[in-house]
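> Each chain, letter by letter, is given below.
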Amino acid sequence: MVKSYHPVSLQEALAIRAREAVTPYAGGTDLMIKGDEKAGYLFLNNLSELKKITEDGEYIRIGAACTFTAIQESELAPAILKAAVSQIAAPAIRNLGTVGGNICNGSPKADSALVFWATDSKLRLVSSRGERVIPISEFYLGRNKTSLQADELLAEILMPKIGLNNYYYKKVGARNALAISRVSFAGILEIEGGRIVNCQTAFGAISEVVIRRPDLDAMLSGKTIEEAKKAVKEEYLRAYDQAILPIRGRISAEYRKVVCMNLLRDFLESNGI
Amino acid sequence: MEAISKPVKKKDHDAKMSGRALYVDDHVLDDMLWGRLLHSAKAKARITSILLPQLPEGYYVVDKNDVPGINQVHIVQDDTPVFVEDTVEYVGDPILMVVGPELKQVERILKEIVVVYEELVPVLDMLKSDTVFFKYNYAKGDMEKALQEADRVFIETFQTGYQEQAYLETQGMLAYPHDGRMTVRGSLQCPYYVHGAVAKALGYEEKDVQVIQDVTGGGFGGKEAFPSILACQTAVAAKKANKPVKVIFERREDMEFTSKRHPSICTYKVAVKDGEITGMDIDVLFNSGAYTTLSPVVLQRGLICANGVYRLDNLRVVGRAVKTNTVPCGAYRGFGAPQTFFAVEMMMDHLAKEMGLDSLELKQKYMVKQGDATSTGGKYHFHVPLPEMIEQIDELTNYREKRRQYRNQTGRYRKGIGMSLFFHGCGFTGSGERDIIKAVVRIRKNPDETVEILASNSDIGQGLKTTFSKIVADTLGISLDRVLIENPDTDRVPDSGPTVASRSLMTVGGLLRRAAERLKDEWKAGEEQVIEEHFVEPDFVIPFSITEFKGDAYPTYSWSVNAIEVEVDTLTATTKILGAWGTFDVGVPVDLNIILGQMQGGFLQGIGYASMEEMNCNEQGMIRNNSLSDYIIPTALDVPNLVTKIINNPYTHGPYGAKGAGELPLVGAAPAYVEAMENALGVNLNKAPFTPEDTMRVLQGGLK
Amino acid sequence: MVKFRLNGQEVVSQAQANQRLLDVLRQEFRITGVKCGCKEGECGACSVILDGQLVNSCLVALGSIEGSTVTTIEGYRETERFAALDKAYASVSAVQCGFCIPGMILASECILAKNPNPTEAEIRAGISGNLCRCTGYNAIVQAISIAAEEGKGLW
Numbered sequence: 005m006v007k008s009y010h011p012v013s014l015q016e017a018l019a020i021r022a023r024e025a026v027t028p029y030a031g032g033t034d035l036m037i038k039g040d041e042k043a044g045y046l047f048l049n050n051l052s053e054l055k056k057i058t059e060d061g062e063y064i065r066i067g068a069a070c071t072f073t074a075i076q077e078s079e080l081a082p083a084i085l086k087a088a089v090s091q092i093a094a095p096a097i098r099n100l101g102t103v104g105g106n107i108c109n110g111s112p113k114a115d116s117a118l119v120f121w122a123t124d125s126k127l128r129l130v131s132s133r134g135e136r137v138i139p140i141s142e143f144y145l146g147r148n149k150t151s152l153q154a155d156e157l158l159a160e161i162l163m164p165k166i167g168l169n170n171y172y173y174k175k176v177g178a179r180n181a182l183a184i185s186r187v188s189f190a191g192i193l194e195i196e197g198g199r200i201v202n203c204q205t206a207f208g209a210i211s212e213v214v215i216r217r218p219d220l221d222a223m224l225s226g227k228t229i230e231e232a233k234k235a236v237k238e239e240y241l242r243a244y245d246q247a248i249l250p251i252r253g254r255i256s257a258e259y260r261k262v263v264c265m266n267l268l269r270d271f272l273e274s275n276g277i
Numbered sequence: 103m104e105a106i107s108k109p110v111k112k113k114d115h116d117a118k119m120s121g122r123a124l125y126v127d128d129h130v131l132d133d134m135l136w137g138r139l140l141h142s143a144k145a146k147a148r149i150t151s152i153l154l155p156q157l158p159e160g161y162y163v164v165d166k167n168d169v170p171g172i173n174q175v176h177i178v179q180d181d182t183p184v185f186v187e188d189t190v191e192y193v194g195d196p197i198l199m200v201v202g203p204e205l206k207q208v209e210r211i212l213k214e215i216v217v218v219y220e221e222l223v224p225v226l227d228m229l230k231s232d233t234v235f236f237k238y239n240y241a242k243g244d245m246e247k248a249l250q251e252a253d254r255v256f257i258e259t260f261q262t263g264y265q266e267q268a269y270l271e272t273q274g275m276l277a278y279p280h281d282g283r284m285t286v287r288g289s290l291q292c293p294y295y296v297h298g299a300v301a302k303a304l305g306y307e308e309k310d311v312q313v314i315q316d317v318t319g320g321g322f323g324g325k326e327a328f329p330s331i332l333a334c335q336t337a338v339a340a341k342k343a344n345k346p347v348k349v350i351f352e353r354r355e356d357m358e359f360t361s362k363r364h365p366s367i368c369t370y371k372v373a374v375k376d377g378e379i380t381g382m383d384i385d386v387l388f389n390s391g392a393y394t395t396l397s398p399v400v401l402q403r404g405l406i407c408a409n410g411v412y413r414l415d416n417l418r419v420v421g422r423a424v425k426t427n428t429v430p431c432g433a434y435r436g437f438g439a440p441q442t443f444f445a446v447e448m449m450m451d452h453l454a455k456e457m458g459l460d461s462l463e464l465k466q467k468y469m470v471k472q473g474d475a476t477s478t479g480g481k482y483h484f485h486v487p488l489p490e491m492i493e494q495i496d497e498l499t500n501y502r503e504k505r506r507q508y509r510n511q512t513g514r515y516r517k518g519i520g521m522s523l524f525f526h527g528c529g530f531t532g533s534g535e536r537d538i539i540k541a542v543v544r545i546r547k548n549p550d551e552t553v554e555i556l557a558s559n560s561d562i563g564q565g566l567k568t569t570f571s572k573i574v575a576d577t578l579g580i581s582l583d584r585v586l587i588e589n590p591d592t593d594r595v596p597d598s599g600p601t602v603a604s605r606s607l608m609t610v611g612g613l614l615r616r617a618a619e620r621l622k623d624e625w626k627a628g629e630e631q632v633i634e635e636h637f638v639e640p641d642f643v644i645p646f647s648i649t650e651f652k653g654d655a656y657p658t659y660s661w662s663v664n665a666i667e668v669e670v671d672t673l674t675a676t677t678k679i680l681g682a683w684g685t686f687d688v689g690v691p692v693d694l695n696i697i698l699g700q701m702q703g704g705f706l707q708g709i710g711y712a713s714m715e716e717m718n719c720n721e722q723g724m725i726r727n728n729s730l731s732d733y734i735i736p737t738a739l740d741v742p743n744l745v746t747k748i749i750n751n752p753y754t755h756g757p758y759g760a761k762g763a764g765e766l767p768l769v770g771a772a773p774a775y776v777e778a779m780e781n782a783l784g785v786n787l788n789k790a791p792f793t794p795e796d797t798m799r800v801l802q803g804g805l806k
Numbered sequence: 002m003v004k005f006r007l008n009g010q011e012v013v014s015q016a017q018a019n020q021r022l023l024d025v026l027r028q029e030f031r032i033t034g035v036k037c038g039c040k041e042g043e044c045g046a047c048s049v050i051l052d053g054q055l056v057n058s059c060l061v062a063l064g065s066i067e068g069s070t071v072t073t074i075e076g077y078r079e080t081e082r083f084a085a086l087d088k089a090y091a092s093v094s095a096v097q098c099g100f101c102i103p104g105m106i107l108a109s110e111c112i113l114a115k116n117p118n119p120t121e122a123e124i125r126a127g128i129s130g131n132l133c134r135c136t137g138y139n140a141i142v143q144a145i146s147i148a149a150e151e152g153k154g155l156w
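Protein chains in written order, with the numbering used here: chain A, 5 to 277; chain B, 103 to 806; chain C, 2 to 156.
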């Protein structure tokens, strides 16, 4: 039987992680569905170092073991993130599930991860060897595959503080609670002095990983709303129409594609574009 | 409100509320073994061999060779095997059971068993079936002539899907041998069905089998026939091991391999002459799945109400229940009626559009009334309250006005409203009650002046312990706490029939009322008295012939009108339910809260059936939606408060004026919902469930 | 070996740390008020209160609750708050098959503990992870509302 551990500090957790093949356990809501009898868990749910939400000049820093409920109740957590986590499953699951687990599970349907994608958040990964901070896009290697090393833990998510206020978030599930995303979309649009300075969008539950195309979103940068509407909008939508290729799933690819495009268009139009 | 309708605290409230109520999985007996079934992984195959691992001491494999009696489960026909013989007929067919003291070991052994199949070509599509299990037809008037003389003939096909009961407690059974007898207890609706089946499988005399209903976490029809199968398997295992054996289904196992509502394809051919509907020629096809189970009776009910609540002089109905290599379908609240009511209500809606009328206008024109003939030449003997129910719903919802407003919408959000008119025939179809069930009840007065109800009907949440007790207490004029009622135990209670067909309160409750009246007359203080009553068919009933489909299929009918209002978001093709209203005539409620609870619960199941509950097989014949995350049922956030009204229309032959209630509220939700979707989308729709993907197809197809 | 507080008592479980709390409660402690409906967090029948918050006990590994406090219906039914909910649920006959009820009651408690005067929408959100197939939810929502009203001061 594989052993489980209850580290009392992050340092101790990393030391165990470095020497044992244990599964990091934060909220457990994904792990326990599988209910692996052979699993040895590294319990992180009581490490206060991983449960803080703080901010500095550049980032809102969210501890990986923060539960969705903690984020809903936090004053610092941005509204776009609250919008996403408040629609995850139901209260009992939000009381356990964590953002770190949501990210590390590697699913393209993870609702909080989508927001981190859309906001170009960074992940602070730590190990007893040190730490690295990488963009979330570099973390995902494929479906259920991440670049998390065997001795690493996700410690924090760093959300850049810019442009979080003008956001658009829509989750389409099969029902209003206890629903896995069929399509999810998040976008932020920053306008300064009448010009779009930054547009960031992300699509969840469509592909092996979240779809985030800064190259396409850049088409809108520097344009006035009027210019974007007249000159760029249709080209932008066409580009996404080619870029979004939903993989086959329980819910048809055709349906998910149309919803993506509708939401993207609505995101633009709700901003006057 | 009648005095009897005044709500009381339910008899089962305290035990369930406090968590003290024991369901079958809560019982642990000394020396008890755990059982788990090995289900076929193939839809159709011959088993060439089964390779077993070395079994540890105390573990057993139980299969067809261990069935001491007959390897058939007695349901209506006996084609369902206890354990498969040499071939498997659907993914899930039970091959064997592993039992032993540790469930984890049992599961490990199961995983190590290798079944070698010689695969055969399965039939998965009901349209391609070559085996008709049941075929019935009936007619009235001259349908051929109506078709020949028609100005126009409208032909449409309607489809409905599977519906899973999704009771919160999965199937479970516990069997233990003792003193040369076998006791089986578990989650079930019909103790005597299980009793008969187990006796046959064990080859026991009936006196040597005891069946006890444990507190049951919902049934909705799903625990009518299926528990007989599981009980036989568990009892055979207990017999072999000579120890108690408990089997509790996993949720996925339950969703994949237990009976559900029959998918249907109904084709309606409607003759219209001079602006009048002159006849309906109806073809009904039900997918039975691999075995017959309850398909004949489900089909019969579906056929009898294929013309809905409408008066038609010419009618021809043909129905088939066909075999496919898929999970056997069975009973689910409504029992064949939700399928045909969906079809006929949608048909009427579409006809109305062709005739330039609103659907309600057309429906009102053909609606039956007291004294009219039924589809089978019986009679609506009693008042049909549909006209006042329609007005009540219109008043509550402003239906007629909204229906007009919602035509020709543009914009992101589009609203719609739909209405359905329907009935549910109360009790068993035809002469089943008189010829087959022959219900018997007893009440026993104890020397301490308490009175115990002895009947085999089970309280599965619908409140039967309370309503039965209220009838007896009120009739005797004693307080409710002096009336005792336990979960049925076949050693103690007579066979008052199964808990199905919305019959328990009307039929068995009626017998209890008579028994209590007699006891009241014969009451002897301080003595023990036992009163027994037997079913007698009401004298007004026109005897029903099942071979000809002639006569009163039901003594009376419960009636309802539903309206549902929706709002479609055209960007996501998702639908929000803005309101759901139902008015119901179930005679006099023996308890208003209980009846409202039944109406609301059934209504929501119907809304789920209409909108989100989708279940399909893949190309290998496996159910794909086998978990509560893949098979979606409504949560508290998916519906607004359901508005349910009860109208007072006492049934002269029911206890305190009561008639059938439990199934009615599920029957009409799907047509009301899909009609609302039509109103919002401006097109004709022909399927349920109608999901966001279906909506998107309509929107993409170009909505006017 | 995991120590925690169960319905007011210190207990020690001998089960493996990776076991579901649900199974430990039902099998080791014979706490049968915790019901198993799906083992996937999709039904809420196994809800318990863990350190003041509603959780699905099927999704909690035993090892994660070292030192925590767990309340099931067996403990909760001894409280005054339960009595208020009990009366309210009874008054509208909100209990049908009963299988969702222990979880539903604990969800009701968590709604009211957070917000003694919840709106209908807040109540529905609060029980949205607790499936009930019998009632259509009307009576349950109504019962929680009645308990909030009649049990003023308790929460």
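Hints were generated in silico from the structure; no laboratory data involved. One thing to keep in mind: the hints can contain errors.
Straight-line alpha carbon distances no greater than 25 Å define the calculated SDA-like cross-link-like pairs of lysine to any residue that follow [said to hold, decoys possible]:
no. : chain 1 : residue 1 : chain 2 : residue 2
1   : C       : K88       : B       : A105
2   : A       : K38       : B       : P549
3   : A       : K86       : C       : K88
4   : B       : K622      : B       : T512
5   : A       : K233      : B       : A105
6   : B       : K230      : B       : R138
7   : A       : K261      : B       : K789
8   : A       : K233      : A       : L268
9   : A       : K42       : B       : T369
10  : B       : K206      : C       : E29
Okay, the calculated beta carbon distance ranges per label pair [as the list claims (entries may be wrong)]:
no. : chain 1 : residue 1 : chain 2 : residue 2 : range
11  : B       : E721      : A       : G226      : 20 to 28 Å
12  : B       : K206      : A       : D219      : 45 to 53 Å
13  : B       : E634      : C       : V13       : 38 to 46 Å
14  : B       : Q722      : A       : L80       : 33 to 41 Å
15  : B       : Q722      : C       : T120      : 41 to 49 Å
Just a sample of chain B residues kept apart from chain A, beta carbon distances all over 10 Å, derived [unchecked claim]:
no. : residue
16  : E187
17  : N500
18  : T737
19  : N750
Ideal Cβ placement from N, Cα and C applies to all residues, glycine included.
> Starting from the hint list further up, note which numbers the structure goes against and sort them upward.
Result: hints 2, 3, 4, 5, 6, 9, 11, 13, 14, 18 break, sorted rising.
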